[in-house]
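Q: With the hints as extra help, turn the sequences into a complete structure.
Sequences listed follow chains A and B, in order. Note that our numbering has the first sequence beginning at 64, numbered continuously upward. Note that our numbering has the second sequence beginning at 214, numbered continuously upward.
To be clear, the hints were calculated from the coordinates, so they are not data collected in a lab. Every residue gets a Cβ at the ideal spot worked out from N, C-alpha and C, and that includes glycine. None of the hints are false.
Partial pick of chain A residues on the chain B-facing surface, computed with a CB cut under 10 angstroms:
id	residue
1	F79
2	R137
3	L141
4	A146
The primary structure of each chain is shown beneath.
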Amino acid sequence: MVQETMVVATGLVKHFGPQKAVDGIDLTVHRGDIYGFLGPNGSGKSTTIRMLLSLIKPDSGSIRIFDLPVEGNRARILSGIGALIERPDFYQYLSAYKNLEILASYSGIKTSRAAIMKILDTVGLADRASSHVKTFSHGMKQRLGIAQTLLHDPELIILDEPVNGLDPQGIKDIRELILKLNVEEGKTLIISSHILREMELIANRMVVINKGKVVVEGDVRELISQGSRKLVLVASKPDQALTLLRHHFVSVDFQINRLDEIQALVDSGQAEEINSLLVNNNIAVRQLYMLNSLEDYFLNIT
Amino acid sequence: MINLIRLEMLKLFSRGLAYIGFVAIFLIVLVIQVGMYVEGQKLLDFLIQSLSEVFLLLGKLINVYTVTYIILNSLWIHIPVLVAIVAGDMVSGEAGRGTFRLLLTRPVSRTKLLVAKFITAQVYATMLVLLLMAMSLGLGRLFFEPGDMIVLMNTINIFEQSDVMWRFIASFGYGIVSMWVIAALAFLFSVRATNSLGPVISAMSVLILFTIISNFSVGVFEPVKPFLFTSYLNGWQLFFDDPVDYGLIYKALGVLIAHISVFYLVSVLIFTRKDITS
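A: This is the structure:
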């Protein structure tokens with residue numbers, strides 16, 4: 064089945080002075096995706112997102128959103144996008160309701176009080192609608208930030224580091240909200256983050272960038288399951304086990320930590336061999352498991 | 214566009230910053246009026262003591278018009294500072310507070326947004342001058358009676374009471390255009406900055422520097438003086454000449470409007486090409 068593409072960026076390049084912030088980034092987002100945009104701080108995530116939103120003009124490369132080139136179609140494209148870029152900054156001296164009302168007006172739409180209250184309810188802020196934003200916690204501002212992306216019922220929502228600085232409950236709330244928007248309301252989302260665990264929990268596709276370049280792009284589950292993964296093993300005779308393993312698997316770098324856990328990056332299938340070797344040499348294997356997270360994957364490739 | 218201007222006005226007047234100017238003008242006018250009420254006659258006697266030896270001056274020369282004329286001189290420095298505080302914050306304030314990201318990710322044209330902000334800044338400047346006029350001529354009536362007015366400039370002009378009001382209305386009108394230049398200048402600096410203080414200081418620095426050049430009688434500055442807006446900020450005084458030199462007034466207004474246009478066009482040029490990284 065051919066999936067409908069919503070965003071296609073090709074060969075994006077951006078310099079700030081002599082520094083190359085983005086170096087030939089390509090990415091494709093399909094309708095219905097929760098598309099993770101991953102990379103360490105300073106890798107070029109925010110710059111790329113700002114280019115998608117016409118806040119920054121690329122030096123070269125092209126962007127098509129909703130099958131339209133961004134150049135010359137800024138207003139049309141932005142009317143279908145809701146975005147929260149970095150910190151959720153609002154007019155602190157105005158209420159949450161008034162902020163949303165003003166932002167809706169800037170979008171050129173007439174929004175009823177009921178519609179704004181419904182959006183505030185969606186993000187759990189209906190009871191604080193008349194409170195000044197300056198009284199809000201960071202988590203509440205973040206939720207209000209997501210609320211403002213929904214004002215004009217966009218097809219595509221772009222959230223730049225939406226869980227930055229939130230406590231665990233706040234992170235869980237935002238995660239549930241993102242999934243709800245995707246599953247129940249059919250929104251396509253691009254979410255940038257350096258918190259990999261979150262991406263693993265919500266994204267179906269992702270791109271990893273580092274130093275302004277794409278390292279890999281694809282399906283999250285496929286990316287996690289491919290290549291080397293970290294093995295952790297606890298044996299009855301750790302020093303003896305380590306010597307044996309190093310002798311047998313010369314190309315693998317086995318390390319032992321302070322808890323006497325032996326760790327190594329191994330290819331899929333090698334775990335079974337390792338287990339058999341130790342058992343055949345009368346070393347009891349108490350624990351053996353593979354770390355199978357995006358974080359490990361990310362650390363391996365960046 | 215009207216909706217955008219309405220939104221900008223709403224944001225402006227939801228903040229305390231906008232009211233600083235109004236309070237300051239109220240205090241400036243009040244202080245001058247109280248001072249003139251208490252000590253004004255002595256001051257005027259000192260100023261016209263040489264005239265009194267030649268002319269017989271009868272009637273109340275310290276009246277609401279004389280004091281308003283003195284207040285109009287505050288257009289030189291005080292009102293520009295108040296105008297620059299708000300105009301300098303119009304764009305840079307949004308950048309500094311991070312709200313530009315919210316605005317510019319909405320389907321609103323950058324040029325239209327900038328025009329709305331520019332017009333809002335000019336409306337604010339207009340409101341300040343109108344308040345100055347209302348306070349001077351209105352509040353002034355609580356302290357002073359109307360009467361004939363004496364103006365000491367290059368020559369001595371004495372205007373009858375019936376001939377004064379239109380001159381003040383025209384002068385305040387000219388003052389509004391002068392303040393539009395200051396607003397446009399601060400606005401231009403605001404487009405490039407990410408904090409509010411920089412544009413205010415920059416605009417004031419330019420104003421002070423150009424004022425010095427405009428008033429410094431050194432030959433090397435003479436060729437540039439006709440092109441500096443500061444050479445025309447005090448053009449409101451031309452309405453207190455007799456006869457009024459309208460040719461000079463039109464020329465002065467032309468230079469001021471040219472400055473406003475250039476400052477505005479450069480602001481648009483910068484803003485529409487600017488990367489929003491704040």
